[in-house]
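K.L.:
Residue numbers (the working numbering), protein chains in the order written: chain A, 1 to 508; chain B, 1 to 344; chain C, 1 to 335.
For the record, the hints were derived by calculation from the structure and aren't laboratory data.
As the structure is a computational prediction, the values presented were derived from the model and not from experiment.
We put the CB at the ideal spot given by N, CA and C, even for glycine.
Honestly, I wouldn't trust all of these hints.
Unchecked claim - Quick list of in silico lysine to aspartate or glutamate cross-link-like pairs, EDC-like style, CA-CA up to 20 angstroms: (1) B:LYS323 <-> A:ASP280; (2) B:LYS7 <-> A:ASP440; (3) B:LYS197 <-> A:GLU127; (4) A:LYS89 <-> A:ASP135; (5) A:LYS326 <-> A:GLU352; (6) C:LYS208 <-> A:GLU352; (7) A:LYS196 <-> A:GLU170; (8) A:LYS196 <-> A:GLU232; (9) B:LYS7 <-> A:GLU21; (10) A:LYS89 <-> A:GLU21; (11) A:LYS389 <-> A:GLU358; (12) C:LYS208 <-> A:ASP371; (13) C:LYS208 <-> A:ASP145; (14) B:LYS7 <-> A:ASP145; (15) A:LYS89 <-> A:ASP145; (16) B:LYS7 <-> A:ASP371; (17) A:LYS63 <-> B:ASP42; (18) A:LYS89 <-> A:GLU70; (19) B:LYS323 <-> A:GLU99; (20) C:LYS208 <-> A:GLU358; (21) B:LYS323 <-> A:GLU498; (22) A:LYS89 <-> B:GLU209; (23) A:LYS326 <-> A:GLU358; (24) B:LYS197 <-> A:GLU358; (25) B:LYS197 <-> A:ASP125; (26) A:LYS351 <-> A:ASP280; (27) A:LYS389 <-> A:GLU446.
To be verified - Chain A regions said to be covered by chain B (calculated; three or more residues, Cβ under 8 angstroms): (28) 197-208; (29) 384-394.
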Amino acid sequence: MTIAERISMERSAPAPGPILELEGVSKSYGAVQALRGVSFRVARGEVHAILGENGAGKSTTLKIINGEIEPDEGRVLVAGQATEARERKRGDIAMVHQELAVFPNMSVAENIFVGRIPLTGRRIDFERMHARARDLLRLFGLRIDTREILGSLTPGQQQIVEILRAVESEASLLILDEPTSGLNNHEAATLMGLIKRLRDDGQTILYVSHRLPEVLEIADHVTVLRDGQFIETLRNADLGEDDLIRRMVGRDLGPVAAAPRAAARDAPVLFAARGLSQADQFRDMDVEIRAGEIVGVFGLEGSGAEQFSQALFGIVPPTSGTIELKGRRVASVSPAALVRAGMSYLPGNRKEAGLYMERSIADNVSAPVLDRLSRWGVVDARRVDAQAKDDIRRFAIRVPGPQGLPRQLSGGNQQKVMVSACLATGPEVIVLNEPTRGVDVGAKAEVHEAARAEAARGRAVLVFSSDLPELLRLSHRIVVMRGRRLAGEVAGAAMGEEAVMALAAGTR
Amino acid sequence: MTDQIRKPSVLRAARLEQESLTCGVVIALALVLAVVSPAFLDPNNLASLQTAVAPNLIVALGMMTLFMIGRFDLSVGAVMGIAGIASAMALNAGWPVPLAFAAGIGTGLAIGAFNGAMVAFVGINHLIVTLGVLYMTRGVIEVVMSGQALAGFTSFPPGFVTLGTWGVAGLSGLFLFALLLSLCFEGGLRLTLTGRKLLFLGGNPAAAEATGIRRRRTEFWCFVLCGGLAALAGVLMTARVGMANRYMGEGLEMQIFIACLIGGGSIAGGKGSYVGALAGVAFVTLLTNAFNLLSVPSAWQAVVIGAVLVAVVVVDGVMVLRKAGRPWSAILGLFPNRIAAGRA
Amino acid sequence: MSMTQPAGVAEHRPGPAARRRGWLAGNGFGANILPLAVITLAVALFLALTRENFATGSNISSILFGVSIEFLAIIGFTYVMVMREIDLSVGSVFALTGMLTGALLVADWPFWPAALVALVVAAAIGFVNGFLVVRFQINSLMLTIGTMLLVRGLANVLANALGGQTYPRAFRQFARTDLFDIRITIVVMVAAVVAAWWFQRRMGLFRKMCFIGENPRSAVVHGIRVGRIKIAAFVASAVTAGIAGIFTASRITHADNQMGMGLEFVMVTAAIIGGASLYGGKGDLRGSALGLLLLALVLNGMIMYDIEPVFQQFVIGALLIATVAFDTLVNRRTK
C-alpha cells in the first residue's frame, strides 16, 4: 500500500490541497472483504476516474465517500479534514447513482430542482426555476423543454437530467457512478461534453466507469482497483486501452481449473437464438449452443446482456426473431412453455426472484417439479422430502433440514438452493444468470462444479455473468455484447481477459 | 432534426391531459342533456345539481390528496355521516353554532388522525384500516341514531341552517364554496412547495425521502386533511337538509373513489389534480342526473359507472404496457407469447 | 419459529410427528388455526355458560346455517387472496347469480338449467376479472371495484324487474334441503373444510398458489402457469360466490336489492382473521371458515347480551383492524 501510495503521489501532479483523500480504507461485509487498505487522492478541479472490474470494490468505495456507509478502518479526508460518514452525507458531495432516482411524473425543471426549489415567499418561483433549468439544458446542448414531463423522455435523457440535478446542487465534489450505462452513443457524447465543460468551470468530478474510451477521453487521473485493493493511480497521458486493461485484469483466479474442452464440434445444437430483438433493449442477437458446451455471455452495464437473458426465456418476450430448442422452433416464448420443452433459468438477483423466503427448502427445490412429484395433482410428500435431501447432500447445503427456511441461510447456501431448483427439472438447456453473485469462494467452486457436471452430461449451458474471471474459467467460448448488439466472440487460445474486455469496453 | 425544441402541449405540461378529457366528456354530456331533455336546464334541476356536486367535491378534494401520494380512504362516507350527527347532537345539547360546527369537524379530524396514525406509523395497509374504520363509524352511527326517528335532530337554530342554504345570485352558496375551495387547493398544489411535495412523494417515494421529504408525516397529515374535509361536507350537508340523517354518505366512498380515478388520479400515486376531482365529480353527478332526467332506472347508473371504471383501468394498463415497449400483438393478440420471426 | 430437526444433513428418517411439526413450523401453514379455533371455542363456551338461550339447538343451527352459506362464497375468495389478488366483486356476483336463478324460475324454467345458466354467467364474470388482471397486469383491487359496481347494477336491474316477487315454492324450499337431518349447506361446509385441509396439505395446485402469492417472479421462472392459475381462481371465486348466492336467494325467498351488500368486506375480514394476508402467499380455507364462525358468534353473542345489534358493524371493523395491527406488529418484531 505504501509503495502504491508513493507511486501515486509521484505520478499525480501535487495539486494544492486535494479535495478528497482516502487513507487505508477497509470494509468487509461478513466474511467478504470488499475493500482492503485503499488509499488515493483526488485533486481539485480534475476529472478523476475510478476503474475496475465488477467486484473490484468501486461501489463500496463510492458509498464510503458519499457517506452512506462507514469504513471499518482508515480515514476519509475532505478538503484536508477527517470526516465522519454522517458529515459527508450532509456535506457538499453530490452523487448520481447508477439506478435512476427520478420522478417520472414531474417536469424536467422540477426534477432538476427537487429539494432546492426556488421560492419567493411561500410561492414557488417558477420563472427562476425554468429559466435556470433552460440555461442548464442549453449549456449542455440538450434539446428538451423544461416543462416536459420526465416520464416521456428516453431513459438516457432522464439520466442526464438526473446528472444535471447533481450539477445544479453546486457541490464541490460530483460523483458519477456508471453514468453512461443507460445512454446511447449520441447521449454518451453529450455527457462527455457536459463533463468537460464542468471541468473547465473548475468542478471536481469522480467518474466511475468501465468504458475505457470514455475514461481515456475525459479523465485527468485514473485510479485502478482490483479485488478490493488499490492498484495504481495513473496520470492520463499517453495511456492506451491496453495499459488500463492490463491493470484491471490479472485478478487472482485461484487454482485455474481449465474447463474441459470436450465439446464436440459436431454435437447437436440444443439451443439457438436467431435475430432475436427487443424494442429499445437489444437487436439481432444470434447465439448457438451445442450439447456439452458451456457458453458465456459477457456485457458491461447497459450492453443489453441482462435484457437478452430475460428475453430468451420469455420473461419479457422478445419482439422478433426465432428461438430453437433441440432443433425445433419454439412458437410461444413463455417461461412455462420453455420449462416444459426442457429449458431452465437461474435468475440473477436472489432478492428479487428465485426463492420463496417463507417456504421451506424442500418446497423451494420442488417448485419447478411439483407436477412431476405429484400423481393426479397430489404431491407425494415423501418424494419431495427425498429430493430435497438429495439436493442438500449433492450441493452440500448447510441447513438444519429440508424444512429450514431460506432466509435462515447464508447467501452462498441460498444460491445453492436456487441452483438446485434450477436443475431439478433435469433440463437440457440451462441458462445461468450471475450464478455466483455475492457468494463465498467455497460455494462459488461448488456452483461451478455443478455447471461443469451438467455440461459433461451433454447439456447445453449458457452463463451470463459480469464476473469475467468466472466466465473465463467456466466457458468454452464467450459471446460479448456491447451497445445492445453482438460485439463478437472469443474462443480457444484467444480467450483471455484482455481480449474480452477489449470487445466489451473498447472500440475494436 | 430541426433547431426547435419540441415543446410539450400546454395540457401535458400542466399535467391535465386526462382531466381535460374528462372535462370534455362532461361538457358534451351537459350539451346532450340540454338538447335531449328540456328539464335539464330547469332552475330546479340546476339547483339540485349544485347541491349534489358541492359535498361530493369537498370530499373528493381530500380523497384526491391521498390519491396523489398513493393512498386512499374508504371511510369518508361514514365520516361525513358521523360529523353531521355530531354537530346535530351538539346543537341539540344547546351548544352555540360555532362550537357545534367545530365538534363535527373535530370528529372528522380525529378519525382522520386515527387512519393516518395506523397507516403511517403502525404500517397497516390503508385499505384495511379505512375499511375497518368505515365499519366502526357506521356502527357508531347506528347506535347513536337507534333511538331516533329516521331523521333525528331536526330542530336547528337558523344560524346553523344558513350555513347550508345561503346563496348568491341564485347560485347555491355551498356550491360556490366548494368551487372556491377546489380552486384554492389547485393553487396550493401548483404554486406551493407543499403541493409539489405531494406529487414528488407519489412519483417516487424512496427518492423523495432521499431529498428530505418526510413520508410518514406527510401521509399522516393527508389522512387528517381527508377526514376533516369529509367532516366539513357532512356538517354543511346536515345544515343544508336541516336534519341528521343516518344514511348520509352511505356508499359515497365508492362514488368519490371513482370520480377521482376518472378525474385523473391513480391509486399508484403521483398523479391527479383538484381540477380533475372537480371534473370527475361533475361527471358522476351529471351521469346520475341524466339517468333521472331520462327516467332510466337508477340501477343502470351503477352499470355505466362500473363499466367506465373498468374501461379507465384497462386503458391505463394497456398504456403502461405500451410504454414498456410491448408490441400490440403481445398486449391484445390472441397469442401474446408468439414473436414475429425474422430480423428487426 | 423453532426448527424441529437437529442440524445436519445426515438425518434420513424423521418420525412422522417431526415431519408434521416441521411442515407446520416451516411454512407457517396452519400455524394460526389452533389459536383461532381456541378463541372461537372459548367465545362459544363463554356464551353457552352465561346465556341459556345460546346453546339451544335452534340457535346453534341457525348460526351454522348462516355461516355455511357465507362460507360457500369465501372458498374461491380465499384462494384469490393467497395469490396476492383480491376479488371485491364477490358480493355483487353473489346477488346477481341468486337473483338470476330466481328470475329464470319465475319465468318457469326448471331449477337445474336455471342454476346452471346463472353459474355460467358468474363464471364468465370471474373469467373477465381474471383475464383482464393477468393480460393487462392491472391492479385487481381497482378492477374488481369496477366490476363490483357493474354487476351490482345489473343485479339491481334484475331486482327491480322482479319487483319483490317471491320465488316459486320449490325454490324457496331449496336452501332448506336436509342431508342426514342437517341443512345441506352445513354438510357441504364440513365436507369442504375437510377437503380444503387435504387440498392445502397435499395438492400441488395449492402449493403453486402459495408460490405465486409469495413471489410471482420466482413462480414464473419455475415454469408455473401463473396466468392460468390466477384466472382459474377468479373463476372459482365467482362460481362459489354464485352458488352461495343461489342458496341465499332461496333462503330470503324474494329479490332484494340489499342482497350481498358489503359481503366482500365481511369476507376480507374473515379471510384475514383466518390467516390470509393482503400481501399474498398465505391463506387457509379452514381459517376463513373459523373467521366467519367467530364473527357470527360475536354478533350472536351481542344479541344475547342485548347489545345493540346494529353495533355489529363496529365489531367487524374493530376486529379487522385489531387482527391486522396485531399481525403487523408481531411480524415487525420477528423481522
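K.L.:
Output the numbers, in ascending order, of every earlier hint that fails for this structure.
P.N.:
Violated: hints 2, 4, 5, 8, 9, 13, 15, 16, 17, 21, 23, 24, 26, 28, 29.
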